[in-house]
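Visitor: Sequence:
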Amino acid sequence: MPTCLNCGAQNSDGSTFCANASCGAYLGWQQAPPPEIEARPPGPKVAAQRQEARRIALSAVMRPGALAVTPGAAVGCEIAVRNSGTVVDQFTVAVVGPASAWATVTPSSLSLFPGAEGTVHVTLQPPRSSATPPGPMSLRITATSREDPTIRAVEEGLLTVSAFSEIAVAELVPQTSQGHRRTEHGLTIANNGNLPLKAELSASDPESQLEFELRPPALNIAPGDVAPARVRLRARKRMWMGSPQTHPFNVRVQPGGERPIARVGAMRQTALLPSGIVPIVLGAIALLAVAVPLWIFASRTLGLNSTPTAATSPTAPVAHSSASASASASASASVSPSLSTAPTTAATPSLAAQFAGNWVNDDSSTPGITKLIITNQSDVLTVHGYGKCSPSDCDWHTRNTTYTGSPVVVLFDFGNGLTHQLTMSFPDSNAQLSVDDDSSSSGVHTYKFHRTSVIKVYPGVVNRIPQSP
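Here numbering that gives the first Met the number 0 is used: the first residue of the sequence shown is 0, the next is one more, and so on.
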């Protein structure tokens, strides 16, 4: 029975207000609160039960366990993942190691209930490249829990990558060379396979007109490497004059155990003497044919005139001297016409002088020689060359050569193995100069030049050679 704390009256159970009419106090405020119950932590058995309820575990199996693949092709396998834990979990599957760059996993993750199993597909496609190493390698595949990333399953298999051979042979550079007797071509060979390559080189021409020198005759090329080779040609016969002749040939690259690869080229052999020199040679021969008999005749005439004078006037030295002087004057008068045309010393400066002048290449867009300035001092020619450069021509400076006949050869040696040998002649007339440029770097090129004059110097104007005649 509740007791009213205000007036002390006893009230029946369940009363809300005091039954004392003079009090009437609210009894609910005066009741004591219920006793507190002390909270205790769960015991060891309950904690173990809760930990057992959240156990995380998984397993993974690779099928099949060994794979073989050819670079450029694809191979696949399956990974079976099982949730051996007691909670729903998500597992991420990935390929680790060298093969990871070639792998595709579909799907990349699985969500599994406890006791459930799922499958992912792994596709491996190594590229067909020299960087793909041949042979066996370890294939590692992992499955990782999202709930606890420290828990994972690792499955290891074996992946064997096949070896392959692949060779690339570039075209000959240049494909057609030009020269009097010797030319050179370049060849590049690349090993695009994943095995070391040994290649042997050989060359032949169907007409048997050429001799070949291959440097080197055999090459050892590592995977992914490129090796250069040089093919040097020599014509078996010299061609003194006439039209150029073309000699086709082929170079074969023989990889070990495979079919040979052939590259076709040609050598355009030019004559040593241009066609314009023939009239000059014939004219010189005709001149000598006339001058030599005249000189012999004059010598004999001089000897006959001197002998009688000495015999008939042995005691008259003054008369002998007078007769000798008269005979000498007569002989000189008869011999001088032939002697004025016969000596070659008078012809040499005139023939050397035909090269003197300012010469400009007919092809204004040429990548080679643009102009030549040639002067002569007797039979010594001074050649000042200019080559194509940007924005202005390169100055090759001057080289001297002695004229001994046409064609004229002058060598520009720039060092480090870079040379330009110029062979100059007049194939048709003195109006056009033909120049064969035998370059150590780019082979033989033929240019045509025309004669021009230097523009006069006026105030404010710089000397230059015009671009067109």
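It is possible that some hints are incorrect.
What the hints assert, rightly or not - What follows is a set of in silico ranges between Cβ atoms, one per label pair, in the way DEER data are often shown:
1. T397 <-> E257: 51 to 59 Å
2. P97 <-> T187: 26 to 34 Å
3. P259 <-> R214: 17 to 25 Å
4. P259 <-> T397: 43 to 51 Å
Don't read these hints as lab results, they were simulated from the structure.
In this text, a Cβ means the ideal position worked out from N, Cα and C, and glycines have one as well.
Visitor: Any hints from earlier that this structure breaks? Give me their numbers in increasing order, please.
Guide: No numbers; nothing is violated.
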